[in-house]
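**Student:** With the working numbering applied, the sequence shown closes on residue 221, and no number is skipped along the way.
Bear in mind the hints are in silico, worked out from the structure with no lab data behind them.
Treat each hint with caution, since some may be false.
To be verified - So the derived label-pair ranges between C-beta atoms look like this:
no., residue 1, residue 2, range
1, R156, E193, 34 to 40 Å
2, L159, E193, 43 to 49 Å
3, R69, G49, 34 to 40 Å
4, R11, L84, 26 to 32 Å
Note that beta-carbon positions come from the ideal geometry of N, C-alpha and C, so glycine has one too.
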Amino acid sequence: MQATTVSASRGDGWAVVRLITPGGLNKLGSSTLESLRDVLGGLLADPGVRCVAILGEGGSFAVGADLREILRLDPRSAREFSLLGYSVFRIMEQSGTVVVAAIDGFCLGGGLDLALAADWRLGTDRSTFGHPGSDLGLITGFGGTQRLPRLIGGRAALAWALESRRVKADEALRSGLLQEVCAPEEFGTRLEERIQHFLSLPAGRIEGANAAMNGFFTTL
(Lines of atoms letter the chains of each structure in order from A and count residues from 1; the text may use other names and numbers.)
(Lines give C-alpha, C1' and ligand atoms only; values in the text may rest on other atoms or scores of the structure.)
Protein backbone atom coordinates (compact mmCIF):
# COMPACT_ATOMS: atom_id res chain seq x y z
CA MET A 1 0.00 0.00 0.00
CA GLN A 2 1.26 3.44 -0.88
CA ALA A 3 2.13 5.97 1.81
CA THR A 4 -0.25 8.85 2.39
CA THR A 5 0.93 11.97 0.60
CA VAL A 6 0.22 15.62 1.37
CA SER A 7 -0.69 18.23 -1.21
CA ALA A 8 -1.72 21.87 -0.92
CA SER A 9 -3.59 24.35 -3.07
CA ARG A 10 -4.04 28.06 -2.46
CA GLY A 11 -6.50 30.80 -3.20
CA ASP A 12 -7.00 34.38 -2.11
CA GLY A 13 -6.29 34.25 1.63
CA TRP A 14 -6.92 30.52 2.01
CA ALA A 15 -5.28 27.15 1.48
CA VAL A 16 -6.51 23.56 1.36
CA VAL A 17 -4.25 20.71 2.50
CA ARG A 18 -5.21 17.24 1.25
CA LEU A 19 -4.24 13.79 2.53
CA ILE A 20 -4.21 11.32 -0.35
CA THR A 21 -3.68 7.55 -0.40
CA PRO A 22 -4.47 5.94 -3.77
CA GLY A 23 -6.53 2.81 -3.13
CA GLY A 24 -6.41 3.01 0.65
CA LEU A 25 -7.18 4.88 3.86
CA ASN A 26 -5.13 7.88 4.93
CA LYS A 27 -2.57 7.02 7.62
CA LEU A 28 -0.28 9.26 9.63
CA GLY A 29 3.07 7.55 9.31
CA SER A 30 6.30 9.39 10.05
CA SER A 31 6.85 10.46 6.43
CA THR A 32 3.29 11.83 6.23
CA LEU A 33 3.67 13.69 9.52
CA GLU A 34 6.93 15.22 8.32
CA SER A 35 5.22 16.38 5.14
CA LEU A 36 2.32 17.81 7.16
CA ARG A 37 4.77 19.63 9.42
CA ASP A 38 6.55 21.20 6.46
CA VAL A 39 3.41 22.09 4.49
CA LEU A 40 1.40 23.40 7.43
CA GLY A 41 4.40 25.17 8.90
CA GLY A 42 4.90 27.12 5.69
CA LEU A 43 1.23 27.98 5.22
CA LEU A 44 0.54 28.95 8.81
CA ALA A 45 3.60 31.21 8.91
CA ASP A 46 2.46 33.05 5.77
CA PRO A 47 0.61 36.29 6.68
CA GLY A 48 -1.25 36.07 3.37
CA VAL A 49 -3.00 32.86 4.47
CA ARG A 50 -5.81 33.45 6.97
CA CYS A 51 -7.64 30.13 6.78
CA VAL A 52 -6.34 26.60 6.16
CA ALA A 53 -8.63 23.61 5.62
CA ILE A 54 -7.37 20.04 6.02
CA LEU A 55 -9.26 17.21 4.36
CA GLY A 56 -8.72 13.60 3.42
CA GLU A 57 -9.63 12.00 0.14
CA GLY A 58 -10.78 8.45 -0.55
CA GLY A 59 -13.29 7.81 2.23
CA SER A 60 -11.24 8.86 5.24
CA PHE A 61 -9.95 11.98 6.92
CA ALA A 62 -7.23 9.89 8.56
CA VAL A 63 -7.24 6.64 10.53
CA GLY A 64 -4.14 7.12 12.66
CA ALA A 65 -0.67 5.67 12.47
CA ASP A 66 0.43 2.80 10.26
CA LEU A 67 0.46 -0.23 12.57
CA ARG A 68 3.24 -1.84 10.56
CA GLU A 69 5.44 1.12 11.41
CA ILE A 70 4.32 1.15 15.04
CA LEU A 71 5.32 -2.49 15.50
CA ARG A 72 8.87 -1.70 14.41
CA LEU A 73 9.39 1.09 16.96
CA ASP A 74 11.62 0.69 20.00
CA PRO A 75 11.03 2.90 23.08
CA ARG A 76 13.29 5.68 21.83
CA SER A 77 11.88 5.81 18.31
CA ALA A 78 8.34 5.53 19.69
CA ARG A 79 8.93 8.67 21.74
CA GLU A 80 10.37 10.46 18.70
CA PHE A 81 7.35 9.45 16.63
CA SER A 82 4.96 10.72 19.30
CA LEU A 83 6.83 14.03 19.56
CA LEU A 84 6.71 14.41 15.79
CA GLY A 85 2.93 14.18 15.76
CA TYR A 86 2.70 16.45 18.79
CA SER A 87 4.85 19.09 17.09
CA VAL A 88 2.62 19.12 13.99
CA PHE A 89 -0.54 19.65 16.00
CA ARG A 90 1.02 22.34 18.19
CA ILE A 91 1.92 24.28 15.05
CA MET A 92 -1.78 24.32 14.26
CA GLU A 93 -2.84 25.39 17.75
CA GLN A 94 -0.26 28.13 18.16
CA SER A 95 -0.80 29.87 14.84
CA GLY A 96 -3.01 32.91 14.45
CA THR A 97 -4.55 31.29 11.38
CA VAL A 98 -7.88 29.53 11.66
CA VAL A 99 -7.62 25.82 10.81
CA VAL A 100 -10.65 23.85 9.64
CA ALA A 101 -10.75 20.05 9.78
CA ALA A 102 -13.07 18.98 6.94
CA ILE A 103 -14.04 15.37 7.67
CA ASP A 104 -15.77 12.98 5.29
CA GLY A 105 -15.40 9.37 6.36
CA PHE A 106 -13.24 7.71 9.01
CA CYS A 107 -11.58 9.98 11.58
CA LEU A 108 -9.89 7.61 14.00
CA GLY A 109 -6.89 7.42 16.32
CA GLY A 110 -4.22 9.91 15.32
CA GLY A 111 -6.59 11.18 12.65
CA LEU A 112 -8.99 12.24 15.39
CA ASP A 113 -6.07 13.88 17.20
CA LEU A 114 -5.36 15.87 14.03
CA ALA A 115 -8.98 17.02 13.88
CA LEU A 116 -8.96 17.92 17.58
CA ALA A 117 -6.06 20.33 17.02
CA ALA A 118 -8.11 22.30 14.47
CA ASP A 119 -10.19 25.35 15.38
CA TRP A 120 -13.32 24.22 13.53
CA ARG A 121 -14.52 20.73 12.69
CA LEU A 122 -16.98 20.18 9.85
CA GLY A 123 -18.09 16.59 9.25
CA THR A 124 -20.42 14.76 6.91
CA ASP A 125 -23.21 12.66 8.38
CA ARG A 126 -21.50 9.47 7.20
CA SER A 127 -18.31 10.15 9.18
CA THR A 128 -17.11 8.04 12.12
CA PHE A 129 -14.95 9.13 15.05
CA GLY A 130 -13.05 7.38 17.82
CA HIS A 131 -9.85 6.11 19.40
CA PRO A 132 -10.07 2.36 18.65
CA GLY A 133 -6.42 1.67 19.47
CA SER A 134 -7.28 0.54 22.99
CA ASP A 135 -8.55 -2.69 21.46
CA LEU A 136 -4.90 -3.38 20.64
CA GLY A 137 -3.49 -2.06 23.91
CA LEU A 138 -2.47 1.24 22.28
CA ILE A 139 -3.14 4.78 23.44
CA THR A 140 -2.92 7.81 21.21
CA GLY A 141 0.37 9.66 21.63
CA PHE A 142 -0.30 12.91 19.77
CA GLY A 143 -2.14 14.83 22.51
CA GLY A 144 -5.65 13.52 21.96
CA THR A 145 -5.89 12.27 25.54
CA GLN A 146 -5.83 15.92 26.64
CA ARG A 147 -7.73 17.59 23.81
CA LEU A 148 -10.72 15.24 23.69
CA PRO A 149 -11.72 15.70 27.37
CA ARG A 150 -11.55 19.48 26.89
CA LEU A 151 -14.20 19.22 24.19
CA ILE A 152 -16.56 16.50 25.40
CA GLY A 153 -15.74 16.18 29.11
CA GLY A 154 -13.57 13.75 31.03
CA ARG A 155 -16.20 11.08 31.69
CA ALA A 156 -17.28 10.88 28.06
CA ALA A 157 -13.70 10.82 26.80
CA LEU A 158 -12.83 8.01 29.22
CA ALA A 159 -15.84 6.02 28.06
CA TRP A 160 -14.79 6.46 24.43
CA ALA A 161 -11.35 5.08 25.29
CA LEU A 162 -12.41 2.20 27.53
CA GLU A 163 -15.12 1.03 25.15
CA SER A 164 -13.15 1.79 21.96
CA ARG A 165 -16.28 3.56 20.80
CA ARG A 166 -16.87 4.52 17.18
CA VAL A 167 -19.12 7.53 17.24
CA LYS A 168 -21.32 8.74 14.39
CA ALA A 169 -21.51 12.36 13.32
CA ASP A 170 -24.81 13.15 15.05
CA GLU A 171 -23.43 12.11 18.43
CA ALA A 172 -20.15 13.89 17.72
CA LEU A 173 -22.14 17.07 17.09
CA ARG A 174 -24.17 16.71 20.29
CA SER A 175 -21.05 16.03 22.34
CA GLY A 176 -19.25 19.15 21.09
CA LEU A 177 -16.62 17.36 19.03
CA LEU A 178 -18.07 18.71 15.78
CA GLN A 179 -19.34 22.24 15.26
CA GLU A 180 -21.11 21.49 11.99
CA VAL A 181 -22.56 18.47 10.13
CA CYS A 182 -23.80 18.25 6.56
CA ALA A 183 -24.77 15.71 3.92
CA PRO A 184 -21.92 14.42 1.72
CA GLU A 185 -23.33 16.13 -1.36
CA GLU A 186 -23.21 19.48 0.48
CA PHE A 187 -19.69 18.99 1.81
CA GLY A 188 -17.78 21.04 -0.75
CA THR A 189 -20.23 23.92 -0.67
CA ARG A 190 -20.37 24.04 3.12
CA LEU A 191 -16.59 23.99 3.36
CA GLU A 192 -16.29 26.85 0.88
CA GLU A 193 -18.91 28.85 2.80
CA ARG A 194 -17.11 28.23 6.08
CA ILE A 195 -13.77 29.36 4.65
CA GLN A 196 -15.32 32.52 3.22
CA HIS A 197 -16.97 33.23 6.58
CA PHE A 198 -13.64 33.12 8.38
CA LEU A 199 -12.00 35.27 5.71
CA SER A 200 -14.73 37.88 6.19
CA LEU A 201 -13.86 38.33 9.87
CA PRO A 202 -11.40 41.02 11.00
CA ALA A 203 -7.93 39.51 11.11
CA GLY A 204 -7.37 40.64 14.69
CA ARG A 205 -10.48 38.80 15.88
CA ILE A 206 -9.20 35.41 14.75
CA GLU A 207 -5.68 35.93 16.06
CA GLY A 208 -6.91 37.35 19.36
CA ALA A 209 -9.44 34.58 19.92
CA ASN A 210 -6.86 31.90 19.17
CA ALA A 211 -4.33 33.45 21.54
CA ALA A 212 -6.87 33.85 24.33
CA MET A 213 -8.35 30.37 24.05
CA ASN A 214 -5.07 28.52 23.60
CA GLY A 215 -3.53 30.47 26.46
CA PHE A 216 -6.28 29.18 28.74
CA PHE A 217 -5.06 25.60 28.48
CA THR A 218 -2.03 24.16 30.21
CA THR A 219 0.73 23.22 27.77
CA LEU A 220 0.57 19.53 26.93
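**Student:** Hint by hint, say whether it matches the structure.
**Tutor:** Hints and how they fare:
1. R156 x E193: 34 to 40 Å: Holds - the Cβ-Cβ distance for R156 and E193, about 37 Å, lies within 34 to 40 Å.
2. L159 x E193: 43 to 49 Å: violated (37 Å)
3. R69 x G49: 34 to 40 Å: holds (39 Å)
4. R11 x L84: 26 to 32 Å: holds (29 Å)
In this structure, the one hint that does not hold is number 2.
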